[in-house]
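Chemist: Residue numbers (this note's numbering), protein chains in the order written: chain A, -16 to 116; chain B, -6 to 233.
Please note that the accuracy of each hint is not assured.
Label-pair distances were calculated between CB atoms; the ranges are [to be verified]:
| hint | chain 1 | residue 1 | chain 2 | residue 2 | range |
| --- | --- | --- | --- | --- | --- |
| 1 | A | T31 | B | T53 | 36 to 42 angstroms |
| 2 | A | V(-14) | B | E84 | 26 to 32 angstroms |
| 3 | B | V101 | A | V21 | 21 to 27 angstroms |
| 4 | B | L230 | A | S102 | 38 to 44 angstroms |
| 5 | A | M(-16) | B | V14 | 20 to 26 angstroms |
The set of hints was computed from the structure by calculation and includes no laboratory data. Backbone N, C-alpha and C define an ideal beta-carbon position, used for all residues, glycine too.
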Amino acid sequence: MIVSLTLILFCQLLGEVVARGFGWPLPGPVLGMLFLLVFLTLRDSIRTKVPEFGRALDGTGKGLLAHLSLLFIPASVGVIQRLDVLAEHGLGLAVALIVSTLVTLVVTVVTFVVVSRLSGSSMEDNGEVPSRD
Amino acid sequence: MTDQTFSLWVYLSQTPLLWLVVTLSAYAIADRISQAFKRHPLCNPVLIAVVSVALVLWVTSTSYPVYFEGAKFVHFLLGPATVALAIPLYENRRIVLRSIIPMMVALVVGSVTAIVSAVAVAQMFGMPNSVLISLAPKSVTAPVGMGITEALGGDPSLTAILIMLTGVAGSIMVTPLMNSLRMKDWRARGFAVGLASHGIGTARAFQVNSLAGTFAGIAMGLNALVTALLLPFVLKLLLD
Chain A
-16 MIVSLTLILF CQLLGEVVAR GFGWPLPGPV LGMLFLLVFL TLRDSIRTKV PEFGRALDGT
44 GKGLLAHLSL LFIPASVGVI QRLDVLAEHG LGLAVALIVS TLVTLVVTVV TFVVVSRLSG
104 SSMEDNGEVP SRD
Chain B
-6 MTDQTFSLWV YLSQTPLLWL VVTLSAYAIA DRISQAFKRH PLCNPVLIAV VSVALVLWVT
54 STSYPVYFEG AKFVHFLLGP ATVALAIPLY ENRRIVLRSI IPMMVALVVG SVTAIVSAVA
114 VAQMFGMPNS VLISLAPKSV TAPVGMGITE ALGGDPSLTA ILIMLTGVAG SIMVTPLMNS
174 LRMKDWRARG FAVGLASHGI GTARAFQVNS LAGTFAGIAM GLNALVTALL LPFVLKLLLD
């Protein structure tokens, strides 16, 4: 687990160094994700010789992702610092956020499904949608 | 309070330990509540936990910077968690590569929609430009969104809050909305919520379906890039 965590943090560090070094508008962790992706691709070829190589990584990574919601709490509590602006423009901001999020969800999902059908990569028959999940 | 309990409180309230425990407990309780209601969209664990922590801070008159001293250890893990998105992405690489065309088209269309719809509605309410700029990157993951706002002369801390609220709104809306639209493609559902509601939407998608979560994570990463590139131009057209 420590080795896996070190590897993940190393990818993030590499991402930060590259993003800041080149002044790219991309966050370091997103670039780090690409570096980890490269590592995972390499891991498959190494594994044919050393089957144990990097085995704990999947467990550590999924452990982090299982509680992704937790990680947003500290930053989100920051809302208490700006209640004044929210009070001033509260109604307009609420309407703008709700309408925009709704429209974005619908436009994105419809675009994805339509283009997916047109390009012949449709997957709609896979998996079922439970009535409430 | 007696002198002794008071000095204990003064000591504890200044150490990271107390606020770390408060954050983790709030989440653990919120997650149980969410589970008890079978992950009903309205029982959003982020929303429940944030409201409970905010109440604790209000009751104890604790300032946000003091709270964050403890909570920053949890906050730090956001970076490694983003990196870890590579793991489900790699597992689903075949489906992802097959979906590259719909993903790219939906990315550009969705990204522009997210910016234009938010700014257009806010303009109808006659909001000042500084608020409009801070609102425009609301669908992007917080570190990128705040950076965009700062570069354009908005208020990054307002952006952070609007981003959080967008995340919660999207993760509450997505399941009932997609079911009522009869969308059965988990890739499309996940991609939409990741694009519209970044990491908080991605967290919701992972709760519902791991393929949806994977696509949400991809959408979040790509939308951060596309919005950073497009937003200055789109905003110029909207505000002039």
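Chemist: Please flag the earlier hints that this structure goes against, numbers listed from lowest up.
Modeler: 1, 2 and 4
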